[in-house]
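There are 2 protein chains.
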Amino acid sequence: MIKKEKTRRAPTESDVAKLAGVSQSAVSRAFTPGASVAKATREKILHAAQSIGYQPNLLARSLATRRSNIIALAIGNLENPFYAMVVKELSEQLAETGRHILLFTTPKGDEADPALERALSYQVDALVMAASMASIELTMQCQKAGVPIVQINRETKLPGISTVWGENQRAGELVAAFLYKAGHKKYAFVAGTKNSSISQMRQNGFETYLKSAGIKKIKTVYGDYTFEAASIAARSLLSAKNPPDAIFCASDYMAFAVIDVATREFGLNVPKDISVIGVDNVPEAGHSAYDLTTFSQPAGSLVEEAINIIDKMIADPGRRAIRCEVAGELIVRGSAKEPKDGFINNVDNKIWLE
Amino acid sequence: MIKKEKTRRAPTESDVAKLAGVSQSAVSRAFTPGASVAKATREKILHAAQSIGYQPNLLARSLATRRSNIIALAIGNLENPFYAMVVKELSEQLAETGRHILLFTTPKGDEADPALERALSYQVDALVMAASMASIELTMQCQKAGVPIVQINRETKLPGISTVWGENQRAGELVAAFLYKAGHKKYAFVAGTKNSSISQMRQNGFETYLKSAGIKKIKTVYGDYTFEAASIAARSLLSAKNPPDAIFCASDYMAFAVIDVATREFGLNVPKDISVIGVDNVPEAGHSAYDLTTFSQPAGSLVEEAINIIDKMIADPGRRAIRCEVAGELIVRGSAKEPKDGFINNVDNKIWLE
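Those protein sequence lines, which keep their order, are chains A and B. Here the first sequence stands for residues 0 to 353, numbered as in numbering that gives the first Met the number 0. Here the second sequence stands for residues 0 to 353, numbered as in numbering that gives the first Met the number 0.
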């Protein structure tokens with residue numbers, strides 16, 4: 000049996016024109032901000048439009064203006080609450096200027112190209128990448144098409160890609176100083192993925208400080224930015240012969256896994272037996288189940304800078320890529336032993352300044 | 000000083016045609032799946048397109064076909080990891096058929112209309128709403144425009160809106176039975192927002208069971224689906240003269256807040272002193288910091304049904320709204336005292352069947 004498909008045609012500009020008894024171009028002008036049309040005519044048109052459910056077609060308009068007001072967001076790790084915050088902030092901040100996110104979730108670690116080539120086909124105004132990578136081919140394609148790329152929280156060697164990130168080197172140095180001055184002797188670092196430049200910068204800051212303080216052995220394991228891999232990494236650290244008493248994790252989300260394993264599986268007390276510090280300051284870090292000391296990466300500020308860059312690149316397509324670092328703070332909660340001094344209190348948090 | 004704006008025009012179909020030495024319509028056919036064009040010609044065209052960064056314009060195509068392959072998603076509570084899962088699942092499942100999410104984050108509890116009227120202007124194929132509400136006016140507008148609306152995890156009195164939800168009544172009944180058979184005497188319910196029909200259904204199931212078992216007093220407080228309000232609600236419950244020893248929360252996210260307050264502020268042991276059960280089964284519920292007993296709402300299945308409904312509504316615009324319930328399970332972990340029997344083990348979890 001062949002089912003007869005009902006068709007319900009969406010109302011058009013011409014339908015509105017007929018109903019309102021005006022020309023089609025009057026309808027078009029009535030829906031164009033700033034265009035000239037008599038007040039009475041405009042009201043008649045808006046009334047007719049509403050009565051038949053007509054919507055001005057922004058797709059058609061973006062074909063004419065070559066601006067869609069759509070920003071593609073490629074995101075690779077929505078399980079991590081930090082990236083859920085990035086999505087929320089980007090959506091809310093773009094909405095203030097009438098722009099919206101076209102969302103592409105991409106496999107973690109893998110290149111996001113196949114999905115993102117489609118994004119280009121939608122004539123997006125810009126491409127934001129978070130926990131997601133583009134190939135050199137895709138980057139070149141974007142540049143040819145005049146679509147700026149901004150990465151959040153990721154480094155790249157590719158030319159022409161703008162980047163916004165937190166203070167990665169300083170995060171590592173400050174956490175190392177905090178733990179060292181609290182009297183720790185045995186250190187470990189739970190890294191993200193092996194190819195994560197962000198994780199490498201944090202590790203570099205951490206090791207540089209500790210080595211200059213005379214600490215020679217700093218064990219590194221990979222938590223791959225997931226809860227599961229970080230749990231496995233924590234087990235391997237804590238079941239070793241000479242386990243660490245201070246663990247720095249390249250993300251809060253991995254620090255939660257380390258705390259879970261340390262307390263539930265190894266019966267350790269945090270911070271009496273072991274100190275754990277993360278990076279990000281996701282909302283869960285403030286919940287008392289974890290009460291995590293962490294170096295903050297303010298998602299709101301990162302997104303604000305990313306949008307600034309997009310606007311600059313759109314206004315001036317010839318300009319070079321922009322790199323922007325957003326300052327963070329070491330927020331002191333209950334998951335790590337503390338040095339004697341160096342603290343201040345700001346409005347929300349206790350901060351350590353070294 | 001007026002800055003001279005550089006313009007870099009995106010390459011067009013006609014640019015590709017010139018470069019490849021073919022007609023514009025050949026270029027158009029080369030980018031249309033199934034259209035007839037000689038293999039050698041197609042390759043020449045694709046090569047020319049790539050060399051100048053041309054992308055077929057899906058916006059233009061969607062004007063012709065009246066299908067944009069864009070689904071608008073209005074979401075009101077991305078802090079809650081359940082909704083982060085919904086976004087991820089919807090994005091991944093839609094991508095399998097080459098469709099993508101245009102994201103609208105909406106104020107929690109408020110009507111999402113102003114943002115969503117813009118969604119209609121983008122000629123979206125459908126509108127999915129999660130933790131977000133539409134007015135009757137917007138609903139009518141969508142119906143006139145032939146855009147189906149599917150709500151995830153929310154009830155509505157409005158006609159023509161399809162809904163996908165979990166087993167809300169059964170969740171309440173089963174949790175009540177579990178707690179009652181474990182020997183509890185003093186019950187409380189931490190509701191979502193006052194106007195949440197989902198929360199009301201869970202409460203109704205919970206109270207119906209307990210009342211029929213002879214329990215008369217069941218205290219209800221509102222956690223508004225946020226961590227902060229649920230913490231305040233928990234404080235008021237636990238500082239009362241005769242505090243509950245069994246608390247059912249309308250979401251896992253609120254249950255985490257209740258556990259934090261009970262253990263850290265009131266020094267209670269979960270589950271020895273107090274049992275806490277949630278709804279959703281977000282990944283964090285399985286982390287050992289919370290180890291939460293909870294009634295599951297499988298985000299993947301909810302999204303799958305939502306997409307099924309969208310496809311049916313698009314194929315047959317005249318059909319009536321569809322309501323679909325997705326089964327869940329009471330997943331037993333460590334946050335509540337247990338009845339003597341009624342358990343089975345499936346692949347991943349220990350389940351209680353009553």
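One or more hints might be untrue.
You can't tell identical chains apart in this list, so a pair holds if it fits in one copy or across any two.
To be verified - Derived pair list, reagent style DSS-like, types lysine-lysine, alpha-carbon separation capped at 25 Å:
no.: 1; residue 1: 311; residue 2: 38
no.: 2; residue 1: 216; residue 2: 143
no.: 3; residue 1: 180; residue 2: 311
no.: 4; residue 1: 215; residue 2: 240
no.: 5; residue 1: 349; residue 2: 339
In short, the hints are calculated from the structure, not lab data.
Each hint, compared with the structure:
1. With identical chains, the CA atoms of residue 311 and residue 38 are never at most 25 Å apart, being 36 Å at best within one copy and 42 Å at best between copies.
2. In the homo-oligomer, the alpha carbons of residue 216 and residue 143 never lie at most 25 Å apart, since the shortest distance is 48 Å inside one protomer and 69 Å across protomers.
3. In this homomeric assembly, residue 180 and residue 311 never come within 25 Å of each other (Cα to Cα): the closest approach is 43 Å inside a single copy and 64 Å across copies.
4. Taking the closest pair of Cα atoms, residue 215 and residue 240 come within 25 Å of each other only inside a single copy of the chain (17 Å); across copies the shortest separation is 57 Å, beyond that limit.
5. Taking the shortest alpha-carbon separations for residue 349 and residue 339, only the intra-copy value of 14 Å comes in at or below 25 Å, while the best inter-copy value is 47 Å.
This entry does not satisfy hints 1, 2 and 3, going by the numbered hints stated previously.
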